[in-house]
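Trainee: Can you build the whole structure from these sequences, using the hints too?
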Amino acid sequence: MRITFWSAFWALSGLLVSPAALGGVAINEVLFNPIDGEHGDTGLEWVELYNSSSAKEDLSGWQLYPDGIGYFTFPNGFQLPPGGYVLVALRRSGADTDILLHHESPAENMGNSSGSLALFSGEPRSKDTIKSFLRYHKPGSSERKTWESAAVETGIWQASTFIDISSINEGASVCLKQDGAAGGVDKYRSHLYSAAAFSGDRSAHKRGRRSIAPLWGPSIRQ
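Here the sequence shown is numbered in full-length UniProt numbering, starting from 1 and rising by one per residue.
In short, the hints are calculated from the structure, not lab data.
Among these hints, one or two may not hold up.
So the derived label-pair ranges between C-beta atoms look like this [as the list claims (entries may be wrong)]: (1) 93 with 54: 31 to 39 Å; (2) 108 with 82: 30 to 38 Å; (3) 61 with 82: 16 to 24 Å; (4) 125 with 104: 16 to 24 Å; (5) 159 with 123: 21 to 29 Å; (6) 140 with 98: 39 to 47 Å; (7) 81 with 40: 29 to 37 Å; (8) 139 with 83: 35 to 43 Å; (9) 55 with 140: 38 to 46 Å; (10) 60 with 141: 32 to 40 Å; (11) 96 with 124: 19 to 27 Å; (12) 95 with 126: 28 to 36 Å; (13) 155 with 94: 30 to 38 Å; (14) 125 with 79: 17 to 25 Å.
Derived SDA-like pairs: lysine to any residue, alpha-carbon spacing no greater than 25 Å straight-line [as the list claims (entries may be wrong)]: (15) 127 with 161; (16) 145 with 166; (17) 177 with 158; (18) 127 with 71; (19) 177 with 81; (20) 145 with 126; (21) 56 with 71; (22) 145 with 155; (23) 127 with 145; (24) 127 with 58; (25) 127 with 158; (26) 177 with 75; (27) 127 with 154; (28) 127 with 69; (29) 177 with 154; (30) 177 with 77; (31) 138 with 69; (32) 127 with 166; (33) 177 with 166; (34) 127 with 153; (35) 138 with 112; (36) 145 with 159; (37) 138 with 128; (38) 145 with 128; (39) 138 with 40.
Built from N, CA and C at the ideal position, the CB exists for glycine as well.
Mentor: Okay, here's the thing in structure tokens:
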């Protein structure tokens with residue numbers, strides 16, 4: 001079942017995601033195909049998480065899996081406050097902060113035409129620990145959908161569905177239109193980011209939402 005990008009998850013609260021899945025820490029946004037920099041996509045990809053609950057969440061030992069590039073384990077003691085965001089920079093080194101972490105070890109970048117992301121509250125990784133899942137795909141491409149079955153079994157995704165990225169330009173992220181807020185998410189949308197140098201400055205964020213992405217530079221709504 002294909003879900004076109006601009007109508008993606010129009011019935012998410014009733015069709016794709018169970019009420020129990022709404023709220024808490026979620027994969028809020030991902031940039032998987034940035035505008036190439038000096039080293040192509042390397043060091044420019046990122047994943048943003050958002051805590052929509054009213055309580056802080058201890059992410060010690062939680063794991064984020066951008067499909068095919070390896071698991072990122074959140075450091076001991078890392079807490080995400082209510083309404084808080086954290087950006088995980090992929091294949092990039094640097095000093096970790098309360099809003100920015102680095103997944104330095106991957107040897108590959110995320111897929112530009114197909115991919116998925118899964119967030120787990122720890123090990124063993126299974127339907128019992130998966131907390132958030134997102135899958136994007138361009139029809140005709142080789143599929144990358146590790147952990148989809150676990151997400152389906154726990155009720156946070158529908159089998160064989162994906163965000164159709166056929167019309168998404170290079171440099172555009174996939175994000176929740178409403179920042180993971182309890183009560184349902186209307187749809188996904190895209191934002192186009194520049195390939196400006198990494199600044200680490202919250203003021204670089206220009207799209208009118210409270211999130212911290214991108215830390216790489218200004219954005220232009222697509």
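Trainee: Hint by hint, note whether the structure agrees.
Mentor: So, going through the hints one by one against the coordinates:
Look at residue 93 against residue 54: about 34 Å separates their beta carbons, and that is inside 31 to 39 Å. For residue 108 and residue 82, the hinted distance range of 30 to 38 Å is satisfied, since their beta carbons lie about 34 Å from each other. In this structure the supplied range 16 to 24 Å holds for residue 61 paired with residue 82, their Cβ-Cβ distance being about 20 Å. At roughly 21 Å, the beta-carbon separation of residue 125 and residue 104 lies within the given 16 to 24 Å, and the hint holds.
For residue 159 paired with residue 123, a C-beta distance near 24 Å keeps the hint of 21 to 29 Å intact. Taken as a hint, the range 39 to 47 Å holds for the pair residue 140 and residue 98, whose Cβ atoms sit roughly 41 Å apart. Roughly 34 Å separates the CB atoms of residue 81 and residue 40, a value that falls within the hinted 29 to 37 Å. Restraint check, residue 139 to residue 83: a C-beta distance of roughly 36 Å satisfies the suggested window 35 to 43 Å.
In this structure the supplied range 38 to 46 Å holds for residue 55 paired with residue 140, their Cβ-Cβ distance being about 43 Å. At roughly 36 Å, the beta carbons of residue 60 and residue 141 sit within the given window of 32 to 40 Å. Against the hinted window of 19 to 27 Å, the Cβ-Cβ separation of residue 96 and residue 124 comes to about 26 Å, which satisfies the hint. Distance hint for residue 95 and residue 126: a CB-CB separation of about 33 Å, consistent with the stated range 28 to 36 Å.
Taken as a hint, the range 30 to 38 Å holds for the pair residue 155 and residue 94, whose Cβ atoms sit roughly 36 Å apart. In this structure the hint that residue 125 and residue 79 lie 17 to 25 Å apart at CB holds, the actual value being about 21 Å. The suggested pairing of residue 127 with residue 161 holds, with an alpha-carbon distance near 18 Å, which does not exceed 25 Å. For the proposed pair residue 145 and residue 166, the alpha carbon gap of about 17 Å is at most 25 Å, so the pair holds.
Taking the CA atoms of residue 177 and residue 158, the gap is about 19 Å. The hint holds against a cut of 25 Å. A C-alpha spacing of about 16 Å is found between residue 127 and residue 71, which places the hinted pair at or below 25 Å, so the restraint holds. For a cut-off of 25 Å, the pair hint linking residue 177 to residue 81 stands: about 21 Å separates their Cα positions. Distance hint between residue 145 and residue 126 is fulfilled; the C-alpha atoms sit about 14 Å from each other, no more than 25 Å.
Of the supplied pair hints, the one linking residue 56 and residue 71 holds, its CA atoms being roughly 23 Å apart against a limit of 25 Å. Annotation: proposed proximity of residue 145 to residue 155 holds, straight-line Cα distance about 16 Å (limit 25 Å). Distance check on the hinted pair: residue 127 and residue 145 sit about 15 Å apart at the alpha-carbon level, within 25 Å; holds. Only pairs whose Cα atoms come within 25 Å are accepted, and residue 127 paired with residue 58 is accepted, the gap being roughly 20 Å.
The hinted pair formed by residue 127 and residue 158 meets the criterion: a straight-line CA distance of about 14 Å does not exceed 25 Å. Between residue 177 and residue 75 the CA atoms are separated by roughly 28 Å; this puts the pair beyond 25 Å, and the hint is violated. Restraint check for residue 127 and residue 154: satisfied, since their Cα atoms lie roughly 5 Å apart, inside the 25 Å limit. Among the hinted pairs, residue 127 with residue 69 is consistent with the structure: their alpha-carbon atoms are about 21 Å apart, no more than 25 Å.
Between residue 177 and residue 154, the direct Cα distance comes to roughly 23 Å. Compliance with the 25 Å bound is thereby established for this hinted pair. Straight-line distance between C-alpha atoms of residue 177 and residue 77 comes to about 30 Å, which puts the hinted pair past the 25 Å bound. For the hint pairing residue 138 with residue 69, the CA-to-CA distance comes to about 19 Å; that is within 25 Å, so the pair holds. Among the hinted pairs, residue 127 with residue 166 is inconsistent with the structure: their alpha-carbon atoms are about 29 Å apart, more than 25 Å.
At roughly 19 Å between alpha-carbon atoms, residue 177 and residue 166 fall within 25 Å of each other, so this suggested pair holds. Of the pairs offered as hints, the one joining residue 127 and residue 153 holds, with about 6 Å between alpha carbons and a cut-off of 25 Å not exceeded. For the proposed pair residue 138 and residue 112, the alpha carbon gap of about 9 Å is at most 25 Å, so the pair holds. At most 25 Å may separate the alpha-carbon atoms for a hinted pair to count; residue 145 and residue 159 meet this at roughly 10 Å.
Among the hinted pairs, residue 138 with residue 128 is inconsistent with the structure: their alpha-carbon atoms are about 29 Å apart, more than 25 Å. Among the hinted pairs, residue 145 with residue 128 is consistent with the structure: their alpha-carbon atoms are about 18 Å apart, no more than 25 Å. Between the alpha carbons of residue 138 and residue 40 the distance comes to roughly 20 Å, so the proposed pair stays at or under 25 Å and holds.
Checked against the numbered hints given earlier, the structure breaks hints 26, 30, 32, 37 and satisfies all the rest.
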